[in-house]
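Asks: Here is how the chains run, residue by residue.
Number of protein chains: 2
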Amino acid sequence: MRTETLPVESEFFAPRAAIDDLLSSFLTERAQTSEVPGQSALVLLLRDFIDGGKRVRPLLCVAGWRAAGGEGDPAQAVRLAASIELAHACALVHDDIMDAADSRRGRPSVHRQLADRHPLPEMADRFGTSGAILVGDLALVWSDELLHTTLMPDAHRVAVLRVVDLARAELIAGQHLDLLTTGDLDVSMETALTVVRYKTAKYTIERPLQVGAALAGADQRVLDACSAYGVPLGEAFQLRDDVLGVFGDPDRMGKSHLDDLREGKCTSLVVRALRAAAPAQADRLRALIGDPGLDDPGAAEVRDILTSTGARADVERMIEERYRQALDVLDGAPFTHSAVRTLRAVAEAAVHRTA
Amino acid sequence: MRTETLPVESEFFAPRAAIDDLLSSFLTERAQTSEVPGQSALVLLLRDFIDGGKRVRPLLCVAGWRAAGGEGDPAQAVRLAASIELAHACALVHDDIMDAADSRRGRPSVHRQLADRHPLPEMADRFGTSGAILVGDLALVWSDELLHTTLMPDAHRVAVLRVVDLARAELIAGQHLDLLTTGDLDVSMETALTVVRYKTAKYTIERPLQVGAALAGADQRVLDACSAYGVPLGEAFQLRDDVLGVFGDPDRMGKSHLDDLREGKCTSLVVRALRAAAPAQADRLRALIGDPGLDDPGAAEVRDILTSTGARADVERMIEERYRQALDVLDGAPFTHSAVRTLRAVAEAAVHRTA
Numbered sequence: 001m002r003t004e005t006l007p008v009e010s011e012f013f014a015p016r017a018a019i020d021d022l023l024s025s026f027l028t029e030r031a032q033t034s035e036v037p038g039q040s041a042l043v044l045l046l047r048d049f050i051d052g053g054k055r056v057r058p059l060l061c062v063a064g065w066r067a068a069g070g071e072g073d074p075a076q077a078v079r080l081a082a083s084i085e086l087a088h089a090c091a092l093v094h095d096d097i098m099d100a101a102d103s104r105r106g107r108p109s110v111h112r113q114l115a116d117r118h119p120l121p122e123m124a125d126r127f128g129t130s131g132a133i134l135v136g137d138l139a140l141v142w143s144d145e146l147l148h149t150t151l152m153p154d155a156h157r158v159a160v161l162r163v164v165d166l167a168r169a170e171l172i173a174g175q176h177l178d179l180l181t182t183g184d185l186d187v188s189m190e191t192a193l194t195v196v197r198y199k200t201a202k203y204t205i206e207r208p209l210q211v212g213a214a215l216a217g218a219d220q221r222v223l224d225a226c227s228a229y230g231v232p233l234g235e236a237f238q239l240r241d242d243v244l245g246v247f248g249d250p251d252r253m254g255k256s257h258l259d260d261l262r263e264g265k266c267t268s269l270v271v272r273a274l275r276a277a278a279p280a281q282a283d284r285l286r287a288l289i290g291d292p293g294l295d296d297p298g299a300a301e302v303r304d305i306l307t308s309t310g311a312r313a314d315v316e317r318m319i320e321e322r323y324r325q326a327l328d329v330l331d332g333a334p335f336t337h338s339a340v341r342t343l344r345a346v347a348e349a350a351v352h353r354t355a
Numbered sequence: 001m002r003t004e005t006l007p008v009e010s011e012f013f014a015p016r017a018a019i020d021d022l023l024s025s026f027l028t029e030r031a032q033t034s035e036v037p038g039q040s041a042l043v044l045l046l047r048d049f050i051d052g053g054k055r056v057r058p059l060l061c062v063a064g065w066r067a068a069g070g071e072g073d074p075a076q077a078v079r080l081a082a083s084i085e086l087a088h089a090c091a092l093v094h095d096d097i098m099d100a101a102d103s104r105r106g107r108p109s110v111h112r113q114l115a116d117r118h119p120l121p122e123m124a125d126r127f128g129t130s131g132a133i134l135v136g137d138l139a140l141v142w143s144d145e146l147l148h149t150t151l152m153p154d155a156h157r158v159a160v161l162r163v164v165d166l167a168r169a170e171l172i173a174g175q176h177l178d179l180l181t182t183g184d185l186d187v188s189m190e191t192a193l194t195v196v197r198y199k200t201a202k203y204t205i206e207r208p209l210q211v212g213a214a215l216a217g218a219d220q221r222v223l224d225a226c227s228a229y230g231v232p233l234g235e236a237f238q239l240r241d242d243v244l245g246v247f248g249d250p251d252r253m254g255k256s257h258l259d260d261l262r263e264g265k266c267t268s269l270v271v272r273a274l275r276a277a278a279p280a281q282a283d284r285l286r287a288l289i290g291d292p293g294l295d296d297p298g299a300a301e302v303r304d305i306l307t308s309t310g311a312r313a314d315v316e317r318m319i320e321e322r323y324r325q326a327l328d329v330l331d332g333a334p335f336t337h338s339a340v341r342t343l344r345a346v347a348e349a350a351v352h353r354t355a
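Chains as they are written, first to last, in the UniProt record's numbering: chain A, 1 to 355; chain B, 1 to 355.
Keep in mind the hints are simulated off the structure, nothing from the lab.
Computed from a prediction, not measured in an experiment: that's the story for all the values here.
All C-beta atoms in this analysis are idealised placements derived from N, C-alpha and C, irrespective of residue type, glycine included.
Hints are supplied without guarantee of correctness; some may be wrong.
Which bits of chain B does chain A cover? Going by a derived footprint, with three or more residues having C-beta under 8 Å, they are [said to hold, decoys possible]: (1) 38-46; (2) 87-101; (3) 125-136; (4) 167-179; (5) 189-201.
Facing chain B, from chain A, some residues (calculated, C-beta under 8 Å) [to be verified]: (6) V36; (7) Q39; (8) A100; (9) D154; (10) L161; (11) A173; (12) L177; (13) G248; (14) D251; (15) K255.
Please take these sequences and the hints and turn them into a complete structure.
Replies: The structure is reproduced here in structure tokens:
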């Protein structure tokens, strides 16, 4: 979600500096006070990795707190938001190992950086993977520490922890299903959308909103509204990502079209196209998607098939449907007025973006 | 720690059945109610993996609770203990990936089991690693859920969470230092002992005792006594492991002597031997330790050098020193009488075992 469609001075982005400061000072202090040799280098790697994030989830956490009536000093919402970002860092670092991704946020991925530091080439890859597993674990453990040291009334804490624990397990279930289906182009649309729901919609939008709302003591109606808004919007957000991954401007996206296609990710776009394609077209799609040697002309051919089968238009319709659904929820949601305004802008930015 | 040196009906082992039942019913219920395709297979893998553990840490957690005066129904101590065991499962599953270990507890390791299930040989290893990263993450996330749903007074909760968060970060620091020094035979005794302290002494003995004690509302004196007993005992426990890894009976140990030696683990035994060895002996040790093709005659040669340099005797002395230190602490510890008796037997079992 880029900032250009929302004024950066808006309520939504306001907590960003406080979240960044907390993450940076927490990790810097840990690096400086580490008693175990080698530890501080690992911590600084994590700090630099986190430095590049867009903070979508933590900002939604603070937005959820405001939506549920959170007022005054947002310090505890910011602490909880920072906790969410650290858990997200774990997910990304581990995900990059799983995807064997060499880069993230325009820099080498954590396992790549660690591998590059090792003096012996024959041990470098394993060292990189091992170190990155530990960096991810450490991020999750410290996410917990921030969570556990967020001050909140007892009744609110039970609700906050319930959502946090659920969100993390849901993400893992989504990642696992993604893993099981990567390379398999015959998954159903239902399975493809289940991956989207668990890996993105719940994890990125619904749950962060709910965590923040729970901190403010939200009742069940408010939590349900977070879901009713967050799940369709999160699905639209990911479907937009799928479209941009193949049709977006690579310069604006900061990544090539080839990544997702070579990996053989079975997105909704691909599922739809395979169902609508003539046999010869379907054979071509199967040959091109997941081919590690796919080149630009091959990617152009994929785009042609995705367009001519109507898959692209179908997915655009799915995005629009979900976007409308999220906006409809906001109209009647038991959120504060200013939160409704902010979340409307968030929906617009999530769905109608170009990068 | 085997059961033969302690009567299984003792206070120490009494909670084992309740811990096992909770873990098994929690994971079985999760497998049965999973809504995401593929998830339940992953959960059952985790459940079966956990089934083989010795429960040293969770039993120490309940022992710590009793030592600090915990009385009556141990249900909450058992819940916290089960949480510790799930976090430990994460550590083991991730550790096996890092060590590229094919087996654990006499069965294929989790990443090996997952790899063996994959239909395509060329993708099997990566699939196994990825799935095992997720199994470990899931274990940690559910460890949190058990932790978060353990009922405890507010004041106790703050102390419990502080120890839990610290323990996890310490383990990661220890694992990372272990990773940095594996294959390097020139580490100092201080570094080798730092690995032992963080990876075993604190993690396996000191912190589980403290977590349980904190649940019972232990004051600082009790927590300090857990450290004063736990750290030297934990070091002795690991040093005993190092000795048994090379000199123990492979049949009783359930693993070959070759594993640790081939991996090039720089144990205290090796550090001591290298320091005391004549140049020719030291060269032989360097050639043999870390050699992936090491055979039984090679292992026998390593044993001869470890003995003739006096390293084995030195490490036995280090073990005895630490064992005495732990026992001395118990004599004046502010623990309940029956806990002192139990912890004395635990020390004996940890140090004077043959497997």
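Asks: Now look at each hint and say whether the structure bears it out.
Replies: Checked hints:
1. For the segment 38-46 of chain B, the assignment as covered by chain A holds, since 3 residues bring a beta-carbon within under 8 Å of that chain's beta-carbons and 3 suffice.
2. Counting residues of the segment 87-101 of chain B whose CB lies closer than 8 Å to any CB of chain A gives 5, which reaches the minimum of 3, so the coverage claim holds.
3. Taking a C-beta to C-beta cut-off of 8 Å, the segment 125-136 of chain B contributes 8 residues in contact with chain A, enough for the three needed, and the coverage statement holds.
4. With 10 residues having a Cβ less than 8 Å from any Cβ of chain A, the segment 167-179 of chain B passes the three-residue criterion, so the hint holds.
5. Counting residues of the segment 189-201 of chain B whose C-beta sits closer than 8 Å to any C-beta of chain A gives 3, which meets the bar of three, so the coverage hint holds.
6. The criterion of a C-beta within 8 Å of any C-beta in chain B is met by V36/A, whose closest approach is roughly 4 Å, and the hint holds.
7. Taken as an interface hint, Q39/A checks out: its beta carbon lies about 5 Å from the nearest beta carbon of chain B, inside 8 Å.
8. Hint on A100/A holds. Least Cβ distance to chain B is approximately 7 Å, under the 8 Å limit.
9. Among the interface hints, the one on D154/A holds; its C-beta lies about 7 Å from the nearest C-beta in chain B, closer than the 8 Å criterion.
10. The restraint placing L161/A at the interface with chain B holds, with a minimum CB-CB distance near 4 Å, inside the 8 Å limit.
11. With its C-beta approaching chain B no nearer than about 4 Å, A173/A sits inside the 8 Å limit, and its interface hint holds.
12. Hint status for L177/A: holds, given a least beta-carbon distance of 5 Å to chain B, under 8 Å.
13. Among the interface hints, the one on G248/A is violated; its C-beta lies about 27 Å from the nearest C-beta in chain B, farther than the 8 Å criterion.
14. At a threshold of 8 Å, the smallest CB-CB gap from D251/A to chain B is about 30 Å, leaving the interface hint violated.
15. This hint is violated: K255/A has a C-beta 21 Å from the nearest C-beta of chain B, more than the 8 Å allowed.
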